[in-house]
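K.L.:
Since each chain sits alone in its own frame, please combine them into the complex, following the hints.
Heads up: the protein sequence lines correspond to chains A and B, in order.
FYI, in my numbering the residues of the first sequence are 1 to 297.
FYI, in my numbering the residues of the second sequence are 1 to 536.
Read the hints as simulated data drawn from the structure, not as lab findings.
Honestly, I wouldn't trust all of these hints.
What the hints assert, rightly or not - Here's a subset of chain B near chain A, in silico, CB distances under 8 Å, partners left out:
#1 GLY273
#2 PRO274
#3 THR276
Glycine included, every Cβ here is placed at the ideal spot set by N, Cα and C.
Here is how the chains run, residue by residue.
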Amino acid sequence: MDNAISVVGLTKSFGQAKALDGLDLTVARGEVHGFLGPNGAGKTTTIRILLGLLRADGGTATLLGGDPWRDAVALHRRLAYVPGDVTLWPNLSGGEVIDLLGRLRGGLNAAKRKDLLERFDLDPKKKGRAYSKGNRQKVGLIAALASDVELLLLDEPTSGLDPLMEEVFRQVVAEETRNGRTVLLSSHILSEVEALCDRVSIIRQGRTVETGTLAELRHLTRTHITAELATPPNGLAHLPGVHDLKTDGATVRFQVDQAELDAVLRQLTTHGVRGLVSQPPTLEELFLRHYETEPVR
Amino acid sequence: MTSLTGTGTLVRLILRRDRVLMPIWMLCMALLPLGLASGTASLYPTDAGRQGYIDSLAASPMLLLFYGQKPAEPSLGALIFWRSATGIVIMGLIGLLVVIRHTRVEEEAGRRELLGSAVVGRHAPLAAAVLTVSGASLVVGVLVALGMISQQTPASGAFAMGFAWAFAGILYAGIGALAAQLTTGAGTARGIAGAVLGLDFLLRGVGDVSGGGLTWLAWATPLSWVYKVHAYTDDRWWLFAVCAAVAVVLAYAALRLSARRDLGAGLLPPRLGPATAPASLSSPFGLAWRLHRGSLIGWTIGLGVVGGVLFGGVAKTASSLLEGNGQLTEIMERIGGKSVASDIFVGGSLGIGAIAVAAYGISAALRMRTEEAALRSEPVLSAGVGRLRWAAGHLTFALLGPTLVMAATGLFAGLVYGSSTGEIGRQVPRVIGAALVQMPAVWLLTGLTVAAYGLLPRLSPAVGWVALSLCVLLGQVGAALQLDQLVLDVSPFTHIPHLPGPAAVPATPLLVLTAIAAALTAAGLAALRRRDIPVT
Numbered sequence: 001m002d003n004a005i006s007v008v009g010l011t012k013s014f015g016q017a018k019a020l021d022g023l024d025l026t027v028a029r030g031e032v033h034g035f036l037g038p039n040g041a042g043k044t045t046t047i048r049i050l051l052g053l054l055r056a057d058g059g060t061a062t063l064l065g066g067d068p069w070r071d072a073v074a075l076h077r078r079l080a081y082v083p084g085d086v087t088l089w090p091n092l093s094g095g096e097v098i099d100l101l102g103r104l105r106g107g108l109n110a111a112k113r114k115d116l117l118e119r120f121d122l123d124p125k126k127k128g129r130a131y132s133k134g135n136r137q138k139v140g141l142i143a144a145l146a147s148d149v150e151l152l153l154l155d156e157p158t159s160g161l162d163p164l165m166e167e168v169f170r171q172v173v174a175e176e177t178r179n180g181r182t183v184l185l186s187s188h189i190l191s192e193v194e195a196l197c198d199r200v201s202i203i204r205q206g207r208t209v210e211t212g213t214l215a216e217l218r219h220l221t222r223t224h225i226t227a228e229l230a231t232p233p234n235g236l237a238h239l240p241g242v243h244d245l246k247t248d249g250a251t252v253r254f255q256v257d258q259a260e261l262d263a264v265l266r267q268l269t270t271h272g273v274r275g276l277v278s279q280p281p282t283l284e285e286l287f288l289r290h291y292e293t294e295p296v297r
Numbered sequence: 001m002t003s004l005t006g007t008g009t010l011v012r013l014i015l016r017r018d019r020v021l022m023p024i025w026m027l028c029m030a031l032l033p034l035g036l037a038s039g040t041a042s043l044y045p046t047d048a049g050r051q052g053y054i055d056s057l058a059a060s061p062m063l064l065l066f067y068g069q070k071p072a073e074p075s076l077g078a079l080i081f082w083r084s085a086t087g088i089v090i091m092g093l094i095g096l097l098v099v100i101r102h103t104r105v106e107e108e109a110g111r112r113e114l115l116g117s118a119v120v121g122r123h124a125p126l127a128a129a130v131l132t133v134s135g136a137s138l139v140v141g142v143l144v145a146l147g148m149i150s151q152q153t154p155a156s157g158a159f160a161m162g163f164a165w166a167f168a169g170i171l172y173a174g175i176g177a178l179a180a181q182l183t184t185g186a187g188t189a190r191g192i193a194g195a196v197l198g199l200d201f202l203l204r205g206v207g208d209v210s211g212g213g214l215t216w217l218a219w220a221t222p223l224s225w226v227y228k229v230h231a232y233t234d235d236r237w238w239l240f241a242v243c244a245a246v247a248v249v250l251a252y253a254a255l256r257l258s259a260r261r262d263l264g265a266g267l268l269p270p271r272l273g274p275a276t277a278p279a280s281l282s283s284p285f286g287l288a289w290r291l292h293r294g295s296l297i298g299w300t301i302g303l304g305v306v307g308g309v310l311f312g313g314v315a316k317t318a319s320s321l322l323e324g325n326g327q328l329t330e331i332m333e334r335i336g337g338k339s340v341a342s343d344i345f346v347g348g349s350l351g352i353g354a355i356a357v358a359a360y361g362i363s364a365a366l367r368m369r370t371e372e373a374a375l376r377s378e379p380v381l382s383a384g385v386g387r388l389r390w391a392a393g394h395l396t397f398a399l400l401g402p403t404l405v406m407a408a409t410g411l412f413a414g415l416v417y418g419s420s421t422g423e424i425g426r427q428v429p430r431v432i433g434a435a436l437v438q439m440p441a442v443w444l445l446t447g448l449t450v451a452a453y454g455l456l457p458r459l460s461p462a463v464g465w466v467a468l469s470l471c472v473l474l475g476q477v478g479a480a481l482q483l484d485q486l487v488l489d490v491s492p493f494t495h496i497p498h499l500p501g502p503a504a505v506p507a508t509p510l511l512v513l514t515a516i517a518a519a520l521t522a523a524g525l526a527a528l529r530r531r532d533i534p535v536t
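Next comes chain B alone, as it looks inside the complex (with noise of 0.2 Å):
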């Protein structure tokens, strides 16, 4: 197969260039049963109290949604292979993500071109793709058996448990492949596959909360099969020979497509755009808009609206649930204050929401840093734009976008909410007062994210994740870790109020938030007025 000549060369390659990234996501992935199963063993010793954890949990048909069928016996193994379903989904995602970096990013950024003029074969590149997101797969599907069986599980519905997460990853992988076939621009392949597999998930969500006659769709999907497995009741282990099969004939496919297409092309003809700019491209705005635009539409239908109905819908089965449970209400008060036990659900998802629209902040404020290190502000910078001017049509994204976000997701946690007891009209202003109570931590840590990119131009990335990820270990784990007091009140979202609750809103706290996430911005914005671009 001289078609397939340097493929061990090329795996070789994707190791070395994933050698921080692979190993990261393989070990978040393997760790994510582990930790809910030894958590869960905790909180629900018994048969009984599982079972009846799994009923209230069965009770919202938007957990269904997402988890699948409830297990036919309250097991361990049972609970946690479809409490931890999300995980089979985000297996799929970074297998579809994992190989499309691999192929039609290397493709477009003219790498691949390189490649194809040494002694590689013309399948080599897409075979050694997807052969590496595959084994990589197959290892997360072993550690997470190994997890799982030293949580005194049974072997056998251990690994058809791990079997099942690496056949989401190689499936979707396969699925990745055939979509970086299909376009030259690496982001419309990770929009179609992501949407198959979107598309996927809304189908076996459909067929299984819906029971009757639509129960068929539940069975429709690759990504059905992988939940259809039921490890540890019904262990369907030759629903793996389907999904290999099925693997095969994808790769296979997309090896297929490659074959006809010329290096560069896709078999869908690239998009043409208008010739023309629209009035509305005709200042620094007009062009933060069209750069930011897709991914505020992105988040407000993905945190705004998915999550904001989820976080509605299950807060009301959620109530029933703490209050059966002191320790689940324990960690839930940490996170959302002591209320009612809904308003404390509630409070504690859009707590969480603001963390992911934090990271939203962040990515669009360091938006102009990319613009920078890509050489893409000089022509705007030269063209009769002041550095201000340019800074504050991405920083108009950076700061109200989240808000904007943060708002829909308060309004529809709300409508939800609010039709589930019955009282929308008080709910929705509650709610959405709770979400957006959460913006001035939100704000503060762009605002940081602006101070590092005026100051320290090549270090603002590092700065804005780093300080995003300890105000999220703070959060979860810090008080589980009994730090002090001091150390917690590092992170700004220590000190927001709990909403929704009866007690009054202290202002002071969100001033003095407000007011440091305004310094720091400036202080960005000075630094930058003064300092070189374009630092590389």
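Chain A on its own, in the form it takes in the complex (with noise of 0.2 Å):
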């Protein structure tokens, strides 16, 4: 497979702090690809890695298949980065700083920062200094997404926008990788993920805890039952892969691991199944169940 990132065994360390231990992602061309993790887990630094910002202590690093920190200026052309908090210099307008950065990029697509201008409704010639937090971020984006490049590298870039902004950025990458882009996604907004992401990764203390598409995610965590029987159940609980169930007369609760949902259908189908309510597990469990400091399996 041809990936656009393609990092192995990353470490880095700044002073006593332990930034990255060890860290794995491998994004493929074409894909969004989540890149999810609680405050302090290592997104920024692995960015700014890939970004050749950083040098890394260890392991490899590979972007748009060059060396990151050696290439950085080859590379850089053929990405863009918004960072998650886009500061601009206080007496350059909006405008400026957008056709700037396209133009050290090696240009911008008119047509593109146009449009993009007209639906993020920013007004181009504000000075640095009068631009509210989200409209920075879309001073940032805009730079960004009105370049023609191969690889757009976003460390949480919606943070400040509004509900209506943030559903524009979603059309906005979606129309993009429809256009062939390979997007990397920090985020801490679920729905966000859920919506434009492929496949997922998520870090936690500079290390790959889990990575796959969200799919494969999902398989791994439990499925919430609800069911009405005829008859009281027995035997339920000492079924494998059942969780907290809570009987109340004909009814139970309880959650069972995917790889034994059948098995425990089978035992529920024994005493006459009147009523079922099956809830997939919620990203937000998956995703909490990583953030919470000690693993909860």
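P.N.:
This is how it looks when you write it as structure tokens:
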């Protein structure tokens, strides 16, 4: 497979503090890859290493077939980056910053620039100091999205955007991927990840703890079952994979591991199922599990 | 007055935030007239000597512009009040800068909003800033008065002088408070208030120099009232009543204006920028030009044109001064070398100008650090710009900017000096040369800052400014303290040949200094290529 980003065993320390501790990350060309993890997990550090701004202590990183540190300048012409907190020069207007960053990268698409300014509803004439947090973020987004680049590195790009603009962002990124662009999207907004990402990697304390498609990740968790039965159940609690069983007369509530679902349903039907509600695991649960400092499992 | 609730707490906040800065400027201002008085007292112990000194200085219109009309009597106090008039302007400048620092800067940074949501009256932040600066100015005034009394000058004159200095701070604190209401950007507010001070200074100066029909100008501005106190001669105490009344009116007007606007907004609408970038803004150099051009223009006009004209204009007057005074000649020779008196003065002035221009070079180099720490280098460095190209944009201004300013200083000093002696053609190239010969030492300090920026980014501001302070210390007081030559040699300025002068210029020290500057710059850039960015 042709990978846009391939990171193996990356380590990086700042003095005593270990930021990355053997991080792995693979992003295929053309996919939108969600990059998730609690604050301080090492997401920004990883992206800065991919940008050749920080030098990794160990491990390997390959970006668009090149070495992010050695080939930084050449690679940067083929990618665009939006930091989580866009800082602007107080005396430069938003339009000037968009043009400057685009030109530094080797030119930007004027039609796209105009279209994005309209869709994001940004006044390009305001000076940097006059923009709100959300509008600064828009300047960074437009500068990145108006360039015709292969790879977008987005580090919590929608922080400070209102829901309307957030929706515009999703549409624009979806269009970009249809045009074959690869996106690494670091985000805390689960609905955004769910709407956009093909695959996700979850990192914690500088290490990758989970990676795969959202469907695959769901399989790793439990389904919530509420069943109304003809006869009170027995033996259900002893089945492997059943957790948190609560019985209320003939109604049972429990969680079941994805792998044991079939066996448990068989057992249920022997009691005569009158009603059944099954809820897939929510992403929140999935993420919260990984975000907690001590693993739940 | 609920609109002033919390003023006391905010005064304490300002004192806490400025606990280092404020005592430093207060002490500097208090010591300035004291130092001048003790020096002058030993150089000119008699009335006759002082009268001669005053007359020779007053012969130069350029100095009248700065000091105002010469004092009516040659007492030590009157001479010092007149000679230290620059201190009055500096007090005004400090007053307006500190008030803007605690009003508009806070508002622009969004910190004022945090305060505004607490139990703080609408007018409290502005009132606290004005009150604090006024209080500090009064303390400076009392210290100035005590210093002057310690020099055996009459107490009434000493206090008139002290209050004159204090009211300069208080009046321009009011002007600063007004300007802070007008614009959304602190930089523009500083510009407006500073321009008012500059204009006041110019109008007053023109009034004092021209005599004749424009004399009224010397009475027309707040700054001129402070000058016209004429401590030790006229002791016009009634002027303080005028100053106090005007200060109250200014503060009240600022409070009224602030009540009429929203938080964060200004009375003048913020200026919009262009929707698209001009063609010049397409490269790291184009960005550097936008970031550095303001200070380059400011330094070129401030030091290059104004400083140059002043250095050149005073030179001829100074020569007559030096001829009659062995001790002063010795001091100027230490800075400017042994030569014709006027040459010594021009050389010495350019030496002082070089120290100032080194400060510009260091601050321009440190712009890289500011950009990095504010995370503004990140988007540029991840947009196809190599680190060296990025640094080169800033270094162009850090190395060539000071050179341009120094050349302008030489040009204008040469023009004015040459026209006063009637030999422009000879003096202009001589004086430009004398200005540019300083550059290797300036470059060395910039190079040291770049090296620190590459190797020890967090410490780079400290390294740059401490090195410059050390050079000032060694150059100004080193010889007076009879320090060993080896210690004096630490300062690059020690090795700069004294120009303009008759002797041939030795090339070796200049080449060695330039080589060291280049090596330091290269070391800094090499380290920058290797290290993490940003180091925060």
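K.L.:
If a hint holds in the structure, say so; if it does not, say that too.
P.N.:
Hint check results:
For GLY273(B), the suggested interface contact is upheld, since its CB lies about 3 Å from the closest CB of chain A, less than 8 Å. The beta carbon of PRO274(B) is positioned within 8 Å of a beta carbon in chain A (closest approach about 6 Å), and the interface hint is therefore held. Among the interface hints, the one on THR276(B) holds; its C-beta lies about 5 Å from the nearest C-beta in chain A, closer than the 8 Å criterion.
Violated hints for the displayed structure: none, as all numbered hints are satisfied.
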